[in-house]
Amino acid sequence: MNMLNPIFARLNKMPRAALITIGLFVALGTFAPWLAPQDPSTQSLLDAGLGPSAAHWLGTDHLGRDTFSRLIIAANTSLVSVGSVLGVAMTIGILLGTIAGYHRGWVDDLLMRVVDVGLSIPSLIISLAVIGIVGPGYWTMVLALALAWWPMSGRISRAVAVSIMSKPHIEALRVLGASPWRIYFGHLLPGTIGAVMVYATADAGTAALAVATLSFLGLGIQPPTPEWGQMLVDALPYLESDPRQVLLPGLALTAAVIGFNTLGESIALNRIPKPLTRRMLAIRRAEVASWGKENSDA
Amino acid sequence: MTQAPVLKVEDLQTRFKSVQRGKFVHAVDDVSIELYPGEIVGLVGESGCGKSTLGRTIVGLEKASSGRVLLDGVDLSALSGAALRDSRRALQYVFQDPYSSLNDRQTVGEAIDEALVIAGTRSPEERDRRTKELLDQVGLASAVRDRHTRELSGGQRQRVAIARSLAVNPRVLICDEPVSALDLSIRAQVMNLFLRLQKDLGVACLFIAHDLALVRQAASRVYVMYLGRIVEHGSSKELYDRPSHPYSQMLLASAPEVDPRIEKHRRGPLMIGEVPSPTNPPSGCRFRTRCPLAVDDCAKALPPSRVLSPGHTAACTFAADLHRGNRTALVQQEMSAP
Chain A
0 MNMLNPIFAR
10 LNKMPRAALI
20 TIGLFVALGT
30 FAPWLAPQDP
40 STQSLLDAGL
50 GPSAAHWLGT
60 DHLGRDTFSR
70 LIIAANTSLV
80 SVGSVLGVAM
90 TIGILLGTIA
100 GYHRGWVDDL
110 LMRVVDVGLS
120 IPSLIISLAV
130 IGIVGPGYWT
140 MVLALALAWW
150 PMSGRISRAV
160 AVSIMSKPHI
170 EALRVLGASP
180 WRIYFGHLLP
190 GTIGAVMVYA
200 TADAGTAALA
210 VATLSFLGLG
220 IQPPTPEWGQ
230 MLVDALPYLE
240 SDPRQVLLPG
250 LALTAAVIGF
260 NTLGESIALN
270 RIPKPLTRRM
280 LAIRRAEVAS
290 WGKENSDA
Chain B
0 MTQAPVLKVE
10 DLQTRFKSVQ
20 RGKFVHAVDD
30 VSIELYPGEI
40 VGLVGESGCG
50 KSTLGRTIVG
60 LEKASSGRVL
70 LDGVDLSALS
80 GAALRDSRRA
90 LQYVFQDPYS
100 SLNDRQTVGE
110 AIDEALVIAG
120 TRSPEERDRR
130 TKELLDQVGL
140 ASAVRDRHTR
150 ELSGGQRQRV
160 AIARSLAVNP
170 RVLICDEPVS
180 ALDLSIRAQV
190 MNLFLRLQKD
200 LGVACLFIAH
210 DLALVRQAAS
220 RVYVMYLGRI
230 VEHGSSKELY
240 DRPSHPYSQM
250 LLASAPEVDP
260 RIEKHRRGPL
270 MIGEVPSPTN
280 PPSGCRFRTR
290 CPLAVDDCAK
300 ALPPSRVLSP
310 GHTAACTFAA
320 DLHRGNRTAL
330 VQQEMSAP
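Note that the protein sequences, when read in sequence, are chains A and B.
When we follow numbering that gives the first Met the number 0, the leftmost residue of the first sequence carries the number 0, and every step to the right adds one.
When we follow numbering that gives the first Met the number 0, the leftmost residue of the second sequence carries the number 0, and every step to the right adds one.
Calculated directly from the structure, the hints in this document are not laboratory data.
Not one of these hints is a red herring.
In the DSS-like style, the derived pairs of lysine-lysine whose C-alpha atoms are separated by at most 27 Å in a straight line are: (1) B:Lys62 / B:Lys22; (2) B:Lys22 / B:Lys299; (3) B:Lys7 / B:Lys62; (4) A:Lys166 / B:Lys62; (5) B:Lys16 / A:Lys166; (6) B:Lys62 / B:Lys16.
Just chain B, with the same shape it has in the complex:
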């Protein structure tokens, strides 16, 4: 990729005040990611690892404690007020829950029209035309235009939400588990629609999900996040074939296989233990408390990111061994079940 990244996140930190006095929840800790025009990048991790917070911080729904977000090379943290709103508009967010992300009092037409007004489309005829076009793009009949959003199904609502995000001509779309709240039958439809639109419009997309199969299918690159940090990053193929961080290995191993014969012989532990509290993260490597490979050194310092092959990095002392296949986090515990 020789192009300049459309979105560049540098050492982003988001901290929340903890209920414990004087302490902070380190929801996102020194995360740096890049998105290039037109690509889909996955962001995976367990619940509570900070993936949603990262997405929300990028679009400005949470306040970053430090770090920068650069959109087309423009530092958003240097802007404020109307200038910030205008620049940040190119970053859009698709919410997980389509039931609460639309105002029940509005009709579909009003919701999309409002987005167009916000984006500065003055002429009513132009807005009318764009609304029709957008509804058509997301595969909704123009008849739904006058329906209230509360009358629609989850799948239809998510389509409206996508249409509304697209109304402002975004350059980057951050999708926070956009289909996980939908019925399984609707999921594939909405996902396919989304992939088609993404391709047609060339929008870069950060796809936050815990459905690993979905990310594998959609994303060209994947970031793996654990307890507020990126632990591994690589192309989809590399990462799924040769996961090189113990956490990624265990995460991938814990995803169920469709084929029962493979599923039966699947090795490795299902993820053991709980995610430690982000208020008091473990010293050194954050995964060491659950890592079967952990040694004393892991507690001392944060393992640096190791480049394993071009574009594939993992933050683990043993990353090189894991990558070569000399070691694995999985062999240590055979599945005890028959």
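Next up, chain A with everything else stripped away, as it sits in the complex:
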């Protein structure tokens, strides 16, 4: 219990609404197979397009599949794909970033120019190009998005690694005669991972949106696997007769994206007082904006 206290203390400083949303998303995503009341893929055309009832809490879609179950399973799909995208992207980014930050010199120049190129092309375009070449599919999508995502984490890791490398405690290790391996794996890598993981939260929302976008376009997750973006596009022809089927996955996606963004922002701005209100966030933003102004005056 004592070990958990610092974690609770830290969580308490985050915006509660976003924390609850993301907590719910992660919990639903993790335990989805056990939570979903019905098989999300079972069709029943007799029940198609029904409203909420005891059997189907949020109604059914045009093929008679239970919307509630599909939403929950979609959370799982989203969580897994976002997790894998960020996992792969972070791994590549942190590795290359720390190598650049450790070596500096021409290695740094070379890797950062690659990152520059990556950052200058919109991530969706890179993903579309990769999917266009390899063909649509779940893992293609994860790979394509990771490929589009790693430059950002590479850039951040490099900055963090450079700042760690210039600290006297690394110099002290050099003086002690520590091998490069010890400095890299024992001190640089753990320090960088800790700092960069924080940024992953801020990125998760954008990644979730990108997954949904690709699936919406039919380039990502393929039917019948439920996914929010794909549920949206499925229900689109029935927008006028049954808008609920479009609104529900849309709302779920919006909540997840805004939740991740707010959480990421609160981590970045470190410690927004709870509970998060619009006024507080506005004050905080104004304060942060004024930092830049002070600098430009000086």
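Position chain B relative to chain A; hints supplied.
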């Protein structure tokens, strides 16, 4: 001193690329110093004169542009890779800022244990014993062993840093203002501990400081550095009693006296002017732009080092006169304040 020096620095130069294109910052210029086993040698000078850079170059944190560093007669510049790391380990560095020289993620025990591992102590029992011994030596209770370094005070952290340096059995310790970041009350404690350890272990020590009183108390010999060069060198007593370079005279005169009666009648100018840029150092003697004794000749050539008495040298044309007391850099300007 008939012994061989444990550390010998020969014509060491450290240059950094300047922001001005094609120019270099001459941070350390043709510095030669020697350290004999078991002695404390002071290195004093103004901020920015290159004393820290000299220390950092000796331990290899900065790359020397030319010159040699000999440790026990072994030329370190001829070595590389693991051999260099193993040899250079006998040279240790104590950083000025104890807050950033330890990894916040480590506990005290881990920090010292890591140094022992690096030094090649294999057996965990042996490392455990040494860690206890080292903590005891620097006067820390063994209870701090499991504390994170971030939980400690500045004085405790500096003790841990010293213990970590000692873990690898150094022959030479380079201390870069090891106590100037500490509270005044803690300073004396850490300094005394340091002096006691130095004496007990017989480690040679290059003590970089701008606190002249501290150096006088601790060091047997002193090097005075100005703008990347050694301008005067002598035993503590000689140098403090008969400073023979205008810069040393002014540096010593600018240190405040504790006794207000002496302080009132203290003569001499406080240091005038700014240190010139090491990117474009003055021609000839580097101190001439601020020297009250400077004559035209000073701009022409670097004044050679003059031996004034055994072990006392100063790089000034007038060193002999200054040493005899026939001249001083201080009389020219009486203190105007009442």
